[in-house]
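J.: Here is what each chain is made of, one letter per residue.
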Amino acid sequence: MAEQGKGGFFSEMFAPVGGFGVTFATMFKKVYTEEYPEVKRPTRPRFHGRHQLNRHPDGLEKCVGCELCAWACPADAILVEGADNDDTPGGTGRFSPGERFGKVYQINYLRCIFCGLCIEACPTRALTMTNFYELADDNRADLIFTKEQLLAPLQGGMSAPPHAMAPGMQERDYYQGKVSGDGS
Amino acid sequence: MTVTPEKSTAEKSPQQPQSPASGADAVPKPGGAEAPAAKPPVDMVELTIDGIPVSVPKGTLIIRAAEQIGIEIPRFCDHPGLDPMGACRQCLVEVAMPGPPGPDGKPGAARQMQGPPGRMKPQASCTMTVAPGMEVKTQFTSPGAEKAQHGVMELLLINHPLDCPVCDKGGECPLQNQAMTSGRPVSRFEDIKRTYPKPINISSQVLLDRERCVLCARCTRFSDQIAGDPFIALVERGALQQVGIYEDQPFESYFSGNTVQICPVGALTGAAYRFRSRPFDLVSTPGACEHCASGCAIRTDHRRGTVLRRMAINDPAVNEEWNCDKGRWAFASPTVGDRIELPLVRDAAGELQVASWPEALAAAAAGLRGTKSAVLTGGRISVEDAYAYSKFARTVLHTNAIDFRTRQHSSEEAQFLASTVVATGPNGGATTYADLEAATNVLLVGFEAEEESPIVFLRLRKAFRRNKTVVTSIAPYASRGLTKLGGTLIPAAPGTETDVLAADAAADALSGARNVVLVGERLASVAGGFAAALDLAERTGAKLAWVPRRAGERGALEAGALYGLLPGGRPVRNVEARAQVAAAWGVADLPTDVGLDMSGIIAGAAGGGVTSLLVGGVDAADLGAQAAKALEKAFVVSLDYRPSSVTAYADVVLPVAPHAEKAGTFVNWEGRTRPFQAALSTTALSDYRVLDLLADELGVFLGVRSLAEIQREMSALGAWAGGRYHRPTTTASLVPQPAPGQFVLASWHLLLDKGSLQDGEPFLAGTAHPARARMSSVSAAAVGAADGDVVTITGPAGSVRVPLEVTDMVDHVVWLPANSAGCRVSDLGVPVGQLVTVIPGGAS
Ligand code: SF4
Ligand code: SF4
Ligand code: SF4
Ligand code: FES
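As they're listed, the protein sequences go chains A and B. With the first letter of the first sequence counted as 1, position 60 gets the number 60 in the UniProt record's numbering; the numbers rise by one all the way through. With the first letter of the second sequence counted as 1, position 99 gets the number 99 in the UniProt record's numbering; the numbers rise by one all the way through.
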């Protein structure tokens, strides 16, 4: 009884502020609040973010327009249309090594669930995922990303397609890593 | 492990979605074997496959027998339409044959077929026929057969580039599928693959990737056996074996697209469909081809509102599994960029201006009201559209001046059609494809099968190869098509066909047990031709069939889009027939005037007797020399979907739907209905719908608002059972007598030419035969021109300049392709059978 009474006394004494215990205690703990968007913390390296269509070192596109990514996608978020690389004079030009390239490429981020199955499906490693996650908007149209938006930016040594394959090189040399950025 | 065959079938060969492109049968058919149609009782053979007893006709291949009980043996070279070859060895099975009879006379125990004693020798099931008591074990029950198939697949893949991601066949490829069902998971081949430059053009339309080829010889067998154009062959041996082109021969096949369809890998692909899509993107619609009266069943594949390709569907009664390149690839004309989407009305300044539908209908109605109207439907419309034109002419315009024959025609032809052709069909004993195949003798009169009705040609070729059918043609020269039919020519200058038909040679050509005479549209240019053909058919007991060139002509005839006929073949002159139609249409009476045929309509319009014209999809060049004057003078309402030589003169243009955007029915030359669905759903209206709106505007309820409504009305009317028109009577032939320097003009349309439905397909146009004038060596010498020289052929309206090809043909005749690049016969201003002059020289 006495112990109970003693406990009862303290409980009664702190009862009015008892509910703030956690609050007071937390004031002296480490702060976890993300200062987003002022402070952007990097994601884990393998975070599934926005896709990117990669390029060969000379700027030609890696995508061959095969639609395997579209086929693999469980959310039906990808639309691809292939076309013929035509580097005859007066033709529409060459965008990738080999015969075929992806002419139309769209990913609908209203549908994408960031599962990464498309990345697994891609036979040329054209499609990879970046860590970029700021994919919110106030309208549908802007969330359907087109090929221009998804293509990786040109790096040093790259030039924008259409252009010919590196001199003396064949399609397979691109995959064997024989083509470097300066176009040789 | 024991597995029941049914179970392992389900496990190992899941029903793959099969499209015609996969080289499979386009429509699953039981057994895939040639259906033995009502033949005398056949010897049946009993055998077991995977332990399941099966009884099949003698001579059946093991692979077909297995199909009948649902066992699928992997295969590449085997194709039911081609002769067995055994080229790919993928179909290996284990076979045991009954041993020699014992003392009791019963066959001994089954003994496995062996190579070296004690070792099973797998057998190719696609070349081996069944035998009584045979025991076949497929991959489902024989580990040996399975191992053999895995081995063959591994060898096939050694030099295969495995470039499925950039291959058009990916997703519908028998090699992909069977590598999964019957292949090893991993290859043991580590060396460098043999490579070839890729792709190479077999023609402007067909591309060959030799790395992917599995050397099944389907393509070469098709070209050789079915089409008769052996333009490709397997060359070299061993690892270097490949499909090669005959370099010295120009590639000239009208059927090359079929090789693309039956190639079991992506070695042969079409340029037009190159990299355009994947099978899982495509939405397929069954339909019928709009290009000719053969009536091929086709499948239209579209993606995102664009038709990307068309394939042949297997219809054993009609096109079997084939179609022609025009039917396969000529579908781009509505998308060349000049579609008429909105109505056009000519303004005061004489320019066509876009108008709203109500405005345009009001303008059309105002122009038609109270005038003397006539209707030209063209030969390319569906039977429902033709019915609407027919009803519109009779009930709204109150005239019988309607004709579908926008080409050379004659009243004799109309009489022939009304007396002999209309309201007949396969069910009523009319000539069919099967009759062609079974015929002993076929006579072609004014008809080039390969150019005008390619599937009739293929069936005749099959008859020639399989049944030794004797084909004879009455024509100015032996065309390539006739040569491929092993046919004989009865040479005849245009106009002389009548006399030739009356002569003994024609009757001699029909001396067999089952004779067929096929007449084409060209006979309409010959005075007395149809009567003579009818006489001949009566004399020899031959069946007689009319094979028009355009897909809609037969349907238009049945629907009454011809001046003397009401729907169902009812003669306009017959009171009873008129009463039936008037009752069905809910009108008090129908016009009783004689009506006008196409040339009468044009002459009337040029002369002022006809003051307004309602014109369907027609090219002014087909309307004869006075066309421009007639179209200029009359008030013209044109229903079309692209600007044409008629819309150029039209006062009101009402847009209608092209083939891919409408549903309906064609009637092929046999009289068989060929329904088609709309592949694309757009807002474009079919002709009947536009006519209904126009009739409303004119204050008449036409009652053709939907296909169902028209079809109901047509079937309620049915075919006419009463008396027919008299058949044309025999008349003397009119043969022009050429003076020196003059020649009789002979001409017909080539399959691939400048027809507007073929626009927008440069790859296909690249395979069209070049325009050449043809003359005999005597005629050529008379004008002083040699083979290859350019000659100028002149008629009253103009001239054409084309290179000359000296041909073994009748003298005093010059032949020209009717509408090929650089040679349009309508520019001459004379019909076939009339005189033109030929002089050497002139820049072509
Ligand atoms: S990440 Fe998944 S859902 Fe998103 S596009 Fe790729 S496959 Fe589709
Ligand atoms: S991104 Fe990769 S998988 Fe997708 S179409 Fe391009 S190459 Fe094919
Ligand atoms: S090209 Fe195709 S059809 Fe022809 S042999 Fe090769 S695999 Fe067979
Ligand atoms: S399918 Fe039998 S050998 Fe090719």
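Among the hints, a few may not be true.
Below 30 Å or equal to it, Euclidean Cα-Cα: the simulated DSSO-like pairs (lysine-lysine) are [stated by the list, open to error]:
1. B:Lys106 with A:Lys178
2. B:Lys629 with A:Lys178
3. A:Lys103 with B:Lys198
Which residues of chain B face chain A? A few of them, derived with a C-beta cut under 8 Å, are [unchecked claim]:
4. Pro165
5. Arg274
6. Phe275
7. Arg278
8. Phe280
9. Val283
Calculated from the structure, these hints are not laboratory results. The beta-carbon is built from N, C-alpha and C at its ideal position, and this holds for glycine as well.
J.: Taking the hints in turn, state whether each one holds.
T.: Hint by hint, here is what the structure shows:
At roughly 72 Å between alpha-carbon atoms, Lys106 (chain B) and Lys178 (chain A) are farther apart than 30 Å, so this suggested pair is violated. Restraint check for Lys629 (chain B) and Lys178 (chain A): not satisfied, since their Cα atoms lie roughly 70 Å apart, outside the 30 Å limit. Among the hinted pairs, Lys103 (chain A) with Lys198 (chain B) is consistent with the structure: their alpha-carbon atoms are about 21 Å apart, no more than 30 Å. Here the hint on Pro165 (chain B) is kept, as its CB sits about 4 Å from the closest CB of chain A, short of 8 Å.
About 6 Å separates the beta-carbon of Arg274 (chain B) from the nearest beta-carbon of chain A, less than 8 Å, and the hint is met. The beta carbon of Phe275 (chain B) comes within 4 Å of a beta carbon in chain A, closer than 8 Å, and the hint placing it at the interface holds. Satisfaction of the interface hint for Arg278 (chain B) is found here, the shortest Cβ-Cβ separation to chain A being roughly 5 Å, below the 8 Å cut-off. Annotation: Phe280 (chain B) was flagged as interfacial toward chain A, and the flag holds, the nearest CB pair being 6 Å apart, inside 8 Å.
Because the closest C-beta pair between Val283 (chain B) and chain A is about 15 Å apart, greater than 8 Å, the hint is violated.
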